[in-house]
Amino acid sequence: MSKPIAHQAKLTNTQLGKMVKAHQKGTTWLSIVSTLVFAGGPTAPAGVVTALASALAGSPNRLIAAYYSGKHAYHVSVYASGKKPSLSKITYIYYTKSNLSFRSPR
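Counting in this note's numbering, the sequence shown tops out at residue 106, every number present.
Keep in mind that the hints are not guaranteed to be accurate.
Keeping only pairs whose Cα atoms sit at most 30 Å apart, straight-line, the calculated DSBU-like set for lysine-lysine is [stated by the list, open to error]:
#1 K83 - K18
#2 K25 - K83
#3 K21 - K83
#4 K97 - K21
#5 K71 - K3
#6 K18 - K71
#7 K3 - K84
#8 K3 - K21
#9 K3 - K25
#10 K21 - K71
#11 K25 - K97
#12 K10 - K97
#13 K25 - K71
#14 K3 - K97
#15 K84 - K10
#16 K10 - K83
#17 K10 - K25
Worth flagging that the hints you see were computed from the coordinates, not collected in a lab.
Turn these sequences into a full structure, and let the hints steer you where they fit.
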């Protein structure tokens, strides 16, 4: 990644399935991310939940296709300004069956 990483995580295919079912019931992406991704688990820096929800809302068909093809999702949120800390984040989502890891620039 060319900017410092604010947060990164893997969403398993099982988690993607729960997200797809919630979306099909009309639940918003912000609610899905808040309850299924971050509730009772890891905390994320300010802005990550909103950035991830926005990224998912921009391409829900990719998430659905990834779920039905057995893939996982890896997401990484970077500081938009390129400086840490920053409230604005940019989130990238990668759907794959392979393991991924991300590194901040040195």
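Violations among the numbered hints: Violated hints: 1, 2, 3, 8, 9; rest satisfied.
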